[in-house]
Structure formats: structure tokens, C-alpha cells
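Based on these hints, arrange chains A and W on the given structure of chain C.
Residue numbers (the working numbering), protein chains in the order written: chain C, 119 to 439; chain A, 119 to 439; chain W, 119 to 439.
Worth flagging that the hints you see were computed from the coordinates, not collected in a lab. Every clue listed holds true.
One copy or two, it doesn't matter: identical chains are merged, so the pair holds either way.
The list that follows gives simulated cross-link-like pairs (lysine-lysine, DSSO-like), each with its CA atoms no further than 30 Å apart:
no.	residue 1	residue 2
1	K376	K260
2	K148	K273
3	K147	K216
4	K260	K148
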Amino acid sequence: MTIEIDPKKCVDEAEGIAHLYDEIPPVVKKLAASCNRHECLGHVGSIPIPTHEAVIEIIHQARRILFPGYFTQTSINPANLEYFLGQETTELFENLAKQVVLAIQHECFLARQSCTKCEKQGHEKAIKFIETLPEINRMLAKDIQAALDGDPAAKGHDEVIFSYPGLLAVSIYRMAHELHNLKVPVIPRIMTEHAHSLTGIDIHPGATIGQSFFIDHGTGVVIGETTLIGDRVRLYQGVTLGALSLTRDAGQRYRDIKRHPTIEDDVIIYANSTILGGETTIGARSVIGGNIWVTESVPADTKVLLKKPELIYSGNGSTVK
Amino acid sequence: MTIEIDPKKCVDEAEGIAHLYDEIPPVVKKLAASCNRHECLGHVGSIPIPTHEAVIEIIHQARRILFPGYFTQTSINPANLEYFLGQETTELFENLAKQVVLAIQHECFLARQSCTKCEKQGHEKAIKFIETLPEINRMLAKDIQAALDGDPAAKGHDEVIFSYPGLLAVSIYRMAHELHNLKVPVIPRIMTEHAHSLTGIDIHPGATIGQSFFIDHGTGVVIGETTLIGDRVRLYQGVTLGALSLTRDAGQRYRDIKRHPTIEDDVIIYANSTILGGETTIGARSVIGGNIWVTESVPADTKVLLKKPELIYSGNGSTVK
Amino acid sequence: MTIEIDPKKCVDEAEGIAHLYDEIPPVVKKLAASCNRHECLGHVGSIPIPTHEAVIEIIHQARRILFPGYFTQTSINPANLEYFLGQETTELFENLAKQVVLAIQHECFLARQSCTKCEKQGHEKAIKFIETLPEINRMLAKDIQAALDGDPAAKGHDEVIFSYPGLLAVSIYRMAHELHNLKVPVIPRIMTEHAHSLTGIDIHPGATIGQSFFIDHGTGVVIGETTLIGDRVRLYQGVTLGALSLTRDAGQRYRDIKRHPTIEDDVIIYANSTILGGETTIGARSVIGGNIWVTESVPADTKVLLKKPELIYSGNGSTVK
Numbered sequence: 119m120t121i122e123i124d125p126k127k128c129v130d131e132a133e134g135i136a137h138l139y140d141e142i143p144p145v146v147k148k149l150a151a152s153c154n155r156h157e158c159l160g161h162v163g164s165i166p167i168p169t170h171e172a173v174i175e176i177i178h179q180a181r182r183i184l185f186p187g188y189f190t191q192t193s194i195n196p197a198n199l200e201y202f203l204g205q206e207t208t209e210l211f212e213n214l215a216k217q218v219v220l221a222i223q224h225e226c227f228l229a230r231q232s233c234t235k236c237e238k239q240g241h242e243k244a245i246k247f248i249e250t251l252p253e254i255n256r257m258l259a260k261d262i263q264a265a266l267d268g269d270p271a272a273k274g275h276d277e278v279i280f281s282y283p284g285l286l287a288v289s290i291y292r293m294a295h296e297l298h299n300l301k302v303p304v305i306p307r308i309m310t311e312h313a314h315s316l317t318g319i320d321i322h323p324g325a326t327i328g329q330s331f332f333i334d335h336g337t338g339v340v341i342g343e344t345t346l347i348g349d350r351v352r353l354y355q356g357v358t359l360g361a362l363s364l365t366r367d368a369g370q371r372y373r374d375i376k377r378h379p380t381i382e383d384d385v386i387i388y389a390n391s392t393i394l395g396g397e398t399t400i401g402a403r404s405v406i407g408g409n410i411w412v413t414e415s416v417p418a419d420t421k422v423l424l425k426k427p428e429l430i431y432s433g434n435g436s437t438v439k
Numbered sequence: 119m120t121i122e123i124d125p126k127k128c129v130d131e132a133e134g135i136a137h138l139y140d141e142i143p144p145v146v147k148k149l150a151a152s153c154n155r156h157e158c159l160g161h162v163g164s165i166p167i168p169t170h171e172a173v174i175e176i177i178h179q180a181r182r183i184l185f186p187g188y189f190t191q192t193s194i195n196p197a198n199l200e201y202f203l204g205q206e207t208t209e210l211f212e213n214l215a216k217q218v219v220l221a222i223q224h225e226c227f228l229a230r231q232s233c234t235k236c237e238k239q240g241h242e243k244a245i246k247f248i249e250t251l252p253e254i255n256r257m258l259a260k261d262i263q264a265a266l267d268g269d270p271a272a273k274g275h276d277e278v279i280f281s282y283p284g285l286l287a288v289s290i291y292r293m294a295h296e297l298h299n300l301k302v303p304v305i306p307r308i309m310t311e312h313a314h315s316l317t318g319i320d321i322h323p324g325a326t327i328g329q330s331f332f333i334d335h336g337t338g339v340v341i342g343e344t345t346l347i348g349d350r351v352r353l354y355q356g357v358t359l360g361a362l363s364l365t366r367d368a369g370q371r372y373r374d375i376k377r378h379p380t381i382e383d384d385v386i387i388y389a390n391s392t393i394l395g396g397e398t399t400i401g402a403r404s405v406i407g408g409n410i411w412v413t414e415s416v417p418a419d420t421k422v423l424l425k426k427p428e429l430i431y432s433g434n435g436s437t438v439k
Numbered sequence: 119m120t121i122e123i124d125p126k127k128c129v130d131e132a133e134g135i136a137h138l139y140d141e142i143p144p145v146v147k148k149l150a151a152s153c154n155r156h157e158c159l160g161h162v163g164s165i166p167i168p169t170h171e172a173v174i175e176i177i178h179q180a181r182r183i184l185f186p187g188y189f190t191q192t193s194i195n196p197a198n199l200e201y202f203l204g205q206e207t208t209e210l211f212e213n214l215a216k217q218v219v220l221a222i223q224h225e226c227f228l229a230r231q232s233c234t235k236c237e238k239q240g241h242e243k244a245i246k247f248i249e250t251l252p253e254i255n256r257m258l259a260k261d262i263q264a265a266l267d268g269d270p271a272a273k274g275h276d277e278v279i280f281s282y283p284g285l286l287a288v289s290i291y292r293m294a295h296e297l298h299n300l301k302v303p304v305i306p307r308i309m310t311e312h313a314h315s316l317t318g319i320d321i322h323p324g325a326t327i328g329q330s331f332f333i334d335h336g337t338g339v340v341i342g343e344t345t346l347i348g349d350r351v352r353l354y355q356g357v358t359l360g361a362l363s364l365t366r367d368a369g370q371r372y373r374d375i376k377r378h379p380t381i382e383d384d385v386i387i388y389a390n391s392t393i394l395g396g397e398t399t400i401g402a403r404s405v406i407g408g409n410i411w412v413t414e415s416v417p418a419d420t421k422v423l424l425k426k427p428e429l430i431y432s433g434n435g436s437t438v439k
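Chain C on its own, in the form it takes in the complex (with noise of 0.2 Å):
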């Protein structure tokens, strides 16, 4: 392959690549008529509509408020504390409150309705997720309490706010699933499905969780939109609390019922276990072990581990077990 450099060669080459502009027309030109067959991949109108940047930055102010002085470069002190939070929620609502009333035009366009009351309605909605956040701010200390209790490796506070992956998921899902009650559309499960890029962790903003929750390393647990997850709960890695086995209709035949299991008050269940189906519930204070497949319900108090799984053993291992 090595060619000997030739000015003749160079003004081919450059010519060469200037017809490849002629190869972009008509490519656009099939975009654009898929476009317009396939509704579902654009959304061409005339009204714009939430961006993931605005949603994410709505995500990062929520939680300077929330964790006052953790995520800002400007030290707080108890004298601008007051003054911090209150210019903090004030933007919030304000930010919140536009990406609301794009949601729900959008949602007005799709439904080709006129959409007069969007205004009034997304600001309302805003206004009622701020007054949440006192509550919010009540759980999430309790989640983080759960934390330090559940976690030998645990350092204290900080180390739980700066870097658990678990608190951030959660402290993202109560926020979502106060949008989701407040029937916003589009923004909770952004919101959510920002946490799940984050962290591994994919909870749906529907599910309903009690206070003082934990989630150790995370990555790989589902947890699906109609969960009830009761008080004191202790999840670790891979777990899943989803749907039994769907026919291949599912999307339309399922939607609206409650496909995911109930775990009670006081729950651990270990790493990568999957419990499945809308009428198993595990019962309060059980414990599932690791690795466990449950598609049915445990009674309270009760200890479930696998049978210890026959291994074959070659090489030197062999002669023992």
C-alpha cells in the first residue's frame, strides 16, 4: 500500500471527494419521507418539548437543595443557609415548572387538543412537587441512616451522599415518582432513566418504596412499575422485583395491572435474586438469599436459601468434597 506522493494525485484525490456531496440530497430526501410515514420516529411540530439536559439540570438543582452544601462550589453556612435554599427552590420551580408545560402540550399535540390551560396546570404541578421536598428531605435522611446501618464499608455521611450509587438512584426515584403522582408526563421516567445510566440501578418512577431503604452496589436491580416495597427494606446487587413470563403481546394485553411482587416491612434479599409476579408477595422480616428465583409468595419472618447446587469438582479439587 505505500504509493509515492504525486500533484497530479492530490488533485485527483480532492476531486474525488468533492462529488460525495452529491451523494447527501437525496439521502435527506428519504429521511425526510420516513419522517413523515413513520410518525413515531419525529417529532415535527411546531411546539417544543422537554430536553434531557433541562431535566437532568432540574435533577442536579433538587439535590443541592436537598443536600445543602454537598454539591455546590460556594460554601453555606447557617447565616446564607435561608437565602441559598430560597433562590435555589425558587429557580427550580420556575425550571420545573417550563419543562411541565412542555410535557403536557406535547402531550395536548399528540392528542390534537388545544392546550390553553397547559400553562396554568404545568405551573401547578411544579408547585405542588416543591412542596414535596420537606417530605423527601425526611426520607432520604432515613435512607441514608440505612445505609451507614447496612454497610460495613460504609465511612459516614459524606461518604454515603458523595458516592453511594444507591442513594443517588433513590434520592432520583422519590423526586420521579412525586412527579409520576402528580400525573406529569414524559419527565418522571427521564428522570429515572437518567438515575439507571448512572448508576445500573432501573427503577420504575410507578413503583411505591416505604422510608429507610437500601441498595448496596446496585447494578443490574429492576424494580418495576406497580413494586410495593414496604419499610426497612435491603436490596443488594441484581436483584430484580419484575413481571412473570409475558406473551408476546404483552405491551397491550398487561398494561395497568399489577404485574410486581409486594415486599413487606423489614425485607433483605441478596444479590442477584429475582422475584417475579404481581400476587407473590415476601412476607415482613424474611430474608432471601442469593441467587434465588421466587415466583411465589413467602410467609413473614421466614429464611429462604438455595439448596446448596451440585458443583463438579476436577484437577486436584476433586479429591476433596
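Chains A and W in isolation, oriented as in the chain C frame:
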């Protein structure tokens, strides 16, 4: 540890810090020397290489073209749609061509070859990629429909496009796969590893995947380089389509051999199941339950479930079983 | 919901929004009060603390030094290599020292101690870290070679450095581990959790890991605080090296005890296997198959596989078995 402040001490302390800078030059010398010794660690030469930032911007740009109006702040309407697509597509071509040229030049540099045609080759590969966009578009419309058909929690096209990690990973895979087919070096893998980082879904750009493909939740999914997947296949979180146990020197011995399974049309594989081996085929319309380990072929129209594992119940639960 | 537009209504609507701002002050009062009550939620004091952004920038800078030319836009050549390394290393020292000082000051603040030596201590720890860079460099060269030896899909050093999540996580772990050894607070864990977020690989900075270490795919890997790993070990996705079932008050009872396993030289552990317990040792050269749960030691030179689980086939497949 309570120490009184004393001006002399402050000076001492400043001096205590200043001399630390003397430690830096010997470290730098060692690093520079090791850079020459272990060639693998440094890319020291006169040729710049593709950057992650540029490749990620290419992904964003392609998504703006494939889903017009979803990932832009400005609103797109029927009047400006073609202008928008035209401009974005031209820019995508130019940005991609630039990175592909760098990737090819880098490969020539590694092979110590001269590189006069790299420029032209890079542009040609880039335009060939642009020409695949309408087909990628068509495939993604079917992937979105597959998500709506398969997931009862899916509220509509918008939610799938905005927030489903499965669609994000498959979108990026479909682009990377086209670049892989065009034998573009390095860039396809940077793309799919970006998707892996965002979603926990690790699809090798070399894998072949049919239409109407849906991955739900997705964290922990691994789809190996030589996997073949038919149409209308659905996977859940934690599914591995991988290679059978490899020897220690696997890197040398098994390169370029089909090491990963074949999944025929209309197969469903539930959470955390593992299908291994290049000669393993899951026949059309078969269903693989969750948490299963498969290393042999399964015929068409078969349902494979794990025999209920024996669980040990203790506590209250020991009375039931 | 189709409503006619009416100027009076618009005014009503604007008024309907304005009064919502009245709801904010009581929320702020509650948040400020809870910040004093639950000390854990706020970092309210006069001392600024390390920021995620700064720590992440330190990671980027260290990677530019460890892999010169790979993560920079400017090209590095033998003539400017030492200048490049000199400048980047000096800046890294200064940026790191600044954050380490903040971390130490923050710890003093929590312990209500005065802090005149924090500045000096922080700089000393930072320079000690800088001095470990050549050794980290040497280790990473071996980690890259281990990836090439272990993965048939690896195309070359470049691909491993550019896109392998395993190498990214191990690079960040190796830095964080040195800072952990230097008893730097908070920062090591922020680093490894950043790696966890990017790769799904969760390595505690306290773990001890030998040379030539390779993690393939990696999503879901968990390596606990007191794990010991020898040389030339290879892990696949979803492997947990964790603690045995913990009691509810585990956080208090098991702190500072060896809770995680020992993995000797040349061990391979396949996907989704779980090794638990501080007294569990996997002997040298042993191979643990996929999907296995191990809570007892395995001698050297042993291969452990799951006895083929009983599967239930139905449909066409029921005729085979």
C-alpha cells in the same frame, strides 16, 4: 491535633510545600522512559487520533437526524424539516469523515505504511455510512414498535425514544455495525462502548441483529462479536450471548472464529440467562426462561424452563413449602 | 378539553400562576429547619469540600499522563513528550493537592479539630501519589497485555486503551487504591464510584489486586473492600467477590474485618459467579465456571462447574432432552 497558629509555622509550612515540586522531574523522566519501553501505553507520533468527544458528538448528531425534533432545542416543522436534515446530514458527513480519516491514518501509522489515500478512503466510507441512514431509520421504527409491543409499561413512542436504554443501545449499535461493515477501525467499538457505559448493554459492533429487536431494562446484557440474531427477538436484563469457556491464551487461539450463538426469529430470552458457544442455536419461536445456562442447541418452538430449584425454608416459612 | 382563547382568561391564568410563588417560603423554612435537625443531609459550615467535577478532572488528567497521546487533541511526539508530561504532572499535583487538602480539612471539621497542618499534609499526600505514577504505569501495561491475551475480540492495544471498560475501571481503581493507601479521605471512593457509573464495575478502593488483571465486559462486577486478588486473574461480567450474608446491624458489627474472599494467582472466574466470605480462598490456577455460588474455599488447580441443571423442555423440544 489542635495546633496554635503561629506566623513562623506558616512560613515553615509554605517551605514544606515548595520543596515537594523537586519530586516531580524524576517522576516525569521515569514516565517518559516507560512510554518508550512499553509502546502500548503511549500514542507518541506525529498523527492525531480520533477522540471520544468527537465520536460521541457524531452519535448525538446521528440521533438528531434519525429522530428529528426529539433531541433538539429548536422545534422542527414540516416547512423546515428538509433544511434541518440537509444541514445536519452534511455536517455529520464532514465530522464523521474527519474522524474516519484519522482512524485510517492511525492504522497506517501503526502498520508503518505511508498514507496518501487515507483522506479519500475516509470520505468514501463516511458517505457510504450516510447512505445507510434511511435503512437504519427503517430498522429503528421497527425496534420502537417492538418495545411498545413487548413492554406493558411503555406509554408511547415518545417515552421509548426519550428514555428507553434498550433503544439507545440498539440505535448506537446499528450505526456502529454499519461502520464495522465498512471496515472503519476503532470508531465502531468506541461507539458501542459509549452505549455500554450509558446503558449497561454491551453489544459488539460485529454482531448481526435482525429487525424488531427489543431489549428490556438491559443492564448486564452482553452480545458477543460473532452472534447472529434473527427478527423479532426479545431479550431481558442480564442476558449473555457469549463464548464458551476459553483457555488462558484464548486471545490468540479463537480470534476470527464463530464463538457466539445463533438466535433465530421470534425467540424470547428472559432475565439473566446465558447462552454460550458458536455452535449453539436457539430455534425459531423458542422461549428461554430466566436464570438458565444453555450451552447446547434448542430446537424451534421449544420452551425451556429451569426445574424448580430446591429451596430451604426456615423460620415460620418452614411449615409451608 | 378544547377551550376558546379569551383575553380575560389569559389574565386569570397569569394571576393563577403568580400566587403560586407564595407557597415557596414555607417550604424553604421547613427545608432549612430539617437541615439543622438531620445534620447528615447538609454540609453547612464555612469549609468548602472536594467536588465531583474536580475529582473527575483529576482522573482525566492522570489518564492523559498514563496514556500519553490517547486522550489529547494535540499530538504528542518524542520531542515534546517530556514537556507534555512535565506540565500535566505538575498541574495534576496542584489540582490533586487542592482537593486532598479540602478532603482533610473537611474531616478535621467533622471531628471539630483545628487544622493548621492540613495544607502541608495534603500536599505531601499528593506528591506521594505522583511518585506512584510510574508504578501504576507499569501495572497498566501488564493489564493491557492481559486483555489482549484473554479476549479474542481485542484488535490491539489501541482498542483496549480506547474502549475497554475493564481497563478504564482498573486504571481508576489503581489510582484510587494508592490514595486509599495514603489515607486520603472521601476522594478514593468518589473515584471508584465514578468508574462504577461509567462501567458498571464496582471495585472498592481498599481491595488489593495483583498485576495482569483483566475484567471482560464487566457490567455487574463487585469487588469488596477486603478482597485480595493475586496476579494474572481474569473475571467476567457479573462476578461478585462479596461478603457472606450480613445481619441487620452489619454496618456496626463487621466494620474493619476481612469480609471478602482471597483469589490466588492465575484464577479465572466466569460470568455471573459469586464468591463470598472473608475466609473463602480460591486456590492458584483454579477455574470457576459461570453462574456458580461459592462460599467455601477451593484448592489450587481445581475446576469447579455447576452440575448440569435439570431443564424442563416443552413444545417441539420436549421430544429431545
